[in-house]
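Chain A is already provided as a structure; the job is to place chain B on it using the hints.
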Amino acid sequence: MAGYGSYLLKRLGQFLLVVVVGISLTFLVTHLTPIDPVEQTIAVAAAFGSTSPEAIDMLRRSLKELYGTEGSLLEQYLRFWARVAVGDFGPSLSAFPTPVSELIGRALPWTVGLLVPATLISWLLGNLLGGLAGYWRESRSLRFAGVVAMGLHPIPYYIVAFVLLVLFGYVWPVLPLSGGHRMNLEPGFTLAFLSSVLEHSILPALSLILVGVGGWFMGMRALVSNVVNEDYVVYAELAGVDERRILTAYVMRNAIVPQVTGLAMSLGAIFNGAIITEQVFGYPGIGKLLIDGVHAGDYSLVLGVATVSIVAVATAVLIIDLLYPLLDPRVKVG
Amino acid sequence: MRLMRALALAASTLVLATVAEAQGLISNVPRHETLIVENPEGTIKNAGWFNYWSVNAGGRSTGLQQLALDTFWYIDPDRGIDGVWDNSLASEPPKYNADFTEMTVKLRKGIYWSDGVEFTAADVVYTIDTHLKTNGLFWSAPVQINVAAVEAPDPYTVVFKLKKPNSRFHALFTVRWNAMWMMPKHVFEKAGDPLKFDFNPPVTLGPYVLHAYDSNGKWFIWRKREDWRRTTVARFGEPGPKYVAYVDPGPPDKRVIAQLNHELDIIHDVAPEGMFTLAKQSKTSKAWFDGFPYAHPDPTLPAVLFNHQHEIFQNRDVRWALALLIDIKAVSMASYRGAATISAIAVPPTGSHPDYYHVPLEGWLEAFELDTGKRRIRPYDPNVGAQIAATLRPSMGDQIPKEPEKIAASFGRGWWKQDPQAAAELLERAGFKKRGNQWFTPAGEPFKIRIVVEGAPRPVMTRAGSMIAQQWQQFGIDAATELAEGTLLTRRAAGDFQAMISWSVETWGGHPDLSFFLDSWHSQFVAKPGQPQPPRNWQRWSNPELDRLIEQIRSVPFDDPRTVELGREFVKLAVREMPIIPLMAYNVFTVMDETYWTGYPSAANPYTNPVPNWANTKYMIVNLKPQQR
Chain A
5 MAGYGSYLLK
15 RLGQFLLVVV
25 VGISLTFLVT
35 HLTPIDPVEQ
45 TIAVAAAFGS
55 TSPEAIDMLR
65 RSLKELYGTE
75 GSLLEQYLRF
85 WARVAVGDFG
95 PSLSAFPTPV
105 SELIGRALPW
115 TVGLLVPATL
125 ISWLLGNLLG
135 GLAGYWRESR
145 SLRFAGVVAM
155 GLHPIPYYIV
165 AFVLLVLFGY
175 VWPVLPLSGG
185 HRMNLEPGFT
195 LAFLSSVLEH
205 SILPALSLIL
215 VGVGGWFMGM
225 RALVSNVVNE
235 DYVVYAELAG
245 VDERRILTAY
255 VMRNAIVPQV
265 TGLAMSLGAI
275 FNGAIITEQV
285 FGYPGIGKLL
295 IDGVHAGDYS
305 LVLGVATVSI
315 VAVATAVLII
325 DLLYPLLDPR
335 VKVG
Chain B
38 MRLMRALALA
48 ASTLVLATVA
58 EAQGLISNVP
68 RHETLIVENP
78 EGTIKNAGWF
88 NYWSVNAGGR
98 STGLQQLALD
108 TFWYIDPDRG
118 IDGVWDNSLA
128 SEPPKYNADF
138 TEMTVKLRKG
148 IYWSDGVEFT
158 AADVVYTIDT
168 HLKTNGLFWS
178 APVQINVAAV
188 EAPDPYTVVF
198 KLKKPNSRFH
208 ALFTVRWNAM
218 WMMPKHVFEK
228 AGDPLKFDFN
238 PPVTLGPYVL
248 HAYDSNGKWF
258 IWRKREDWRR
268 TTVARFGEPG
278 PKYVAYVDPG
288 PPDKRVIAQL
298 NHELDIIHDV
308 APEGMFTLAK
318 QSKTSKAWFD
328 GFPYAHPDPT
338 LPAVLFNHQH
348 EIFQNRDVRW
358 ALALLIDIKA
368 VSMASYRGAA
378 TISAIAVPPT
388 GSHPDYYHVP
398 LEGWLEAFEL
408 DTGKRRIRPY
418 DPNVGAQIAA
428 TLRPSMGDQI
438 PKEPEKIAAS
448 FGRGWWKQDP
458 QAAAELLERA
468 GFKKRGNQWF
478 TPAGEPFKIR
488 IVVEGAPRPV
498 MTRAGSMIAQ
508 QWQQFGIDAA
518 TELAEGTLLT
528 RRAAGDFQAM
538 ISWSVETWGG
548 HPDLSFFLDS
558 WHSQFVAKPG
568 QPQPPRNWQR
578 WSNPELDRLI
588 EQIRSVPFDD
598 PRTVELGREF
608 VKLAVREMPI
618 IPLMAYNVFT
628 VMDETYWTGY
638 PSAANPYTNP
648 VPNWANTKYM
658 IVNLKPQQR
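Chains as they are written, first to last, in this note's numbering: chain A, 5 to 338; chain B, 38 to 666.
I should point out that these hints are in silico values taken from the structure, not numbers from a laboratory. Just so it is clear, the structure is predicted and the values come from calculations on it, not from any experiment. Mixed in with the good hints, there may be bad ones.
[As the list claims (entries may be wrong)] If you want a taste of the chain B side facing chain A, the calculated C-beta under 10 Å gives, among others:
1. 81
2. 181
3. 524
4. 564
5. 569
6. 570
Backbone N, C-alpha and C define an ideal beta-carbon position, used for all residues, glycine too.
Okay, chain A solo, but in the shape it has when bound:
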């Protein structure tokens, strides 16, 4: 137990280091980008209206003051950490004065609501089919499933998404093209709203599952193909252990361990959002927010989203690291 305690402390230290370094690097990158949020705001404000050059100079000074972009990089960095320490990412510069945390809080449920089920479904489906295909290598239907998975996996995600859109949005227009729910529908736990949300999530979720399942399938099939040749599996077969028990208790259970790591990483990465999915399907979420923030030079927003993502991924890895010695006795601690 003492060994596990020191392992825990070491991993916690690594976690903190990853978070601090990751966030600091993001701060540096966002602040060294050539996009100036004040100039972006001015350009948008002056893009159409009649605005005199003198007025623009005055507006520039006011915005710098309002946005708090004055001061050296170090001063801004220290101000940033002082705010983050109390969970405040400051106001969004491209939606001033709304707090970044409010924007993230509004977008995150949509991202999580779409990506968690889609990731879990593709993980379950891919591993189940991959495991079966690796074990019963002669099965025609499972070989066919393998061909489909391998065929879909390398197709760029954008193409799969667009084909689905054309098929179900235009050729056979039964599913909505855009948005998270129907227009003019009051959000709430009503059948109309929930079914509308579900309807709008079918295409984005399907696209993610179709592309995602192939990776899990191929990974699991390869792992199972190796495990079935292990001595303990051969011995179990010779000993007459039931085939289903061999598959579940001997083969799948051992093969799944690296896949669980992959799942944890994927679930952590959910907090990045599914940028292309949200763009293609016009689905609300944190990925779109991140892209908008990058384009607008809104480093408060980019830093907010990146911080949530860094903490999420690092936490997922930490949890897996902490659980591994408990799950798999072959992993030593200390």
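Below, chain B alone, put in the same frame as chain A:
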């Protein structure tokens, strides 16, 4: 396998049940009473924010500026319902004193906010005072720079005392896309800090009120006011749609699909290819022109902008040489697939400008001579527009007009002849030398130009830049494009470019006065290298003759015929000096579906700009009628 089949069956059942339950684009609003419009701002991050006066805090063309806000005057970029000038909240045009230090505005009576309070001079005074007292509001700076005091001698009269003479002060309250909107005093004075007030729901002066919006910023629905007669557009009739929804329909491909499904009545803009698809596949889709080139030419002039603070572009001969290397027909084909409206002069070929500038100056342009150092040439070819039309006719057939005036309106008039020989002579006079296939600067360096283009966000302009770079390269200049993507605005303001495809000329469109952009071209505003340049003289061009013209324009009233004369003098100066190379109008492929609504503006009935993010489109709403079924 049984498990898999059961799972598949359950999933299919769930999908079908969901689809059956959730059918329909819009809930609880009749589709035939609703106009669905693309908002090109896309998804609004801060959807619940309707305080327009707080800089870029929320959406602007979500219907807010088109249907809910109002101000003194509008200038139509095209012909207007009743002329290009419309007195909206004001009952008459502005009245200035002799030295332009005082502007008096008479207000229209009987106009009410949507909560039943009458709009009066008190609202105007409050709006101005708030901007005087508060830094960082959208119009704080121009108000603080210009206004010494504002008074309301009676509820329908406002007098602005100005700090210095300004014959164009009214432009602040004159809509060209937007303008300074009036604030409801009775709402804002109770709200505290105007920078932190979300103004949700907005109390409106326009004929609509907010009906519902998506907190994720995908859509906004506005409902016609019961008392729409107490708004300014009522002079032109009842707004057609009971509901107007502004939506984010996603990327261009989806906009096309949405209109083919009749789920999007007005597309703000698509790529030329999307326009061609709709023209071919949808009988109900209409554009500005009946046929090719379809698009509405906005009063904006994409051009090759030179950075005049780069020594190489300070020589007029170099700028002219680069202009004479361009084959505008190839640029038109590459950028807009031929659907461009070209302009040789620094005024967009749109609205009333052809009548004021392009047609009257045609003779001068034809007679214009350029000295190359070895000979005098007449570089203007008046038939380039007709040549583009002729090139397109074999593939587009009857869609290409035959009448010269229609060709000129659609494709533009003349442009500069591509003349590599004259370009070489001009460069030689400027001290450049050609060795082998490569041109060298007077300093002996390879002549290298990087043209900054925006990339994916503006593919048409990017293609124009690529074609120009290719043409310069063929001549022996080391020319290439440089993708700026999201950094374009920052780089443009910082002067971080040699040449750029962008625009520094934007006009009222319907009105011939050029001060909208030209005033900012005065050398007093040119920033030092490394300092940010205020809009719109991105090219940082200084010229004493230009300064004199601008100062003269400042001294004459807005509607004085001398503004046109001075405008023409500017055009001639810009031809002689070629500070930018004008290319074409910013053509916008706005596509309108007539399945549910008719009465959209068009080249045949140009009563306003159809491009739906313009606040001027409030005049379109009152002309729309439900489609007869």
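Going down the list of hints, with the structure as the test:
no. : hint : verdict
1   : 81   : holds (8 Å)
2   : 181  : holds (7 Å)
3   : 524  : holds (5 Å)
4   : 564  : holds (9 Å)
5   : 569  : holds (6 Å)
6   : 570  : holds (8 Å)
In summary, this structure violates none of the numbered hints.
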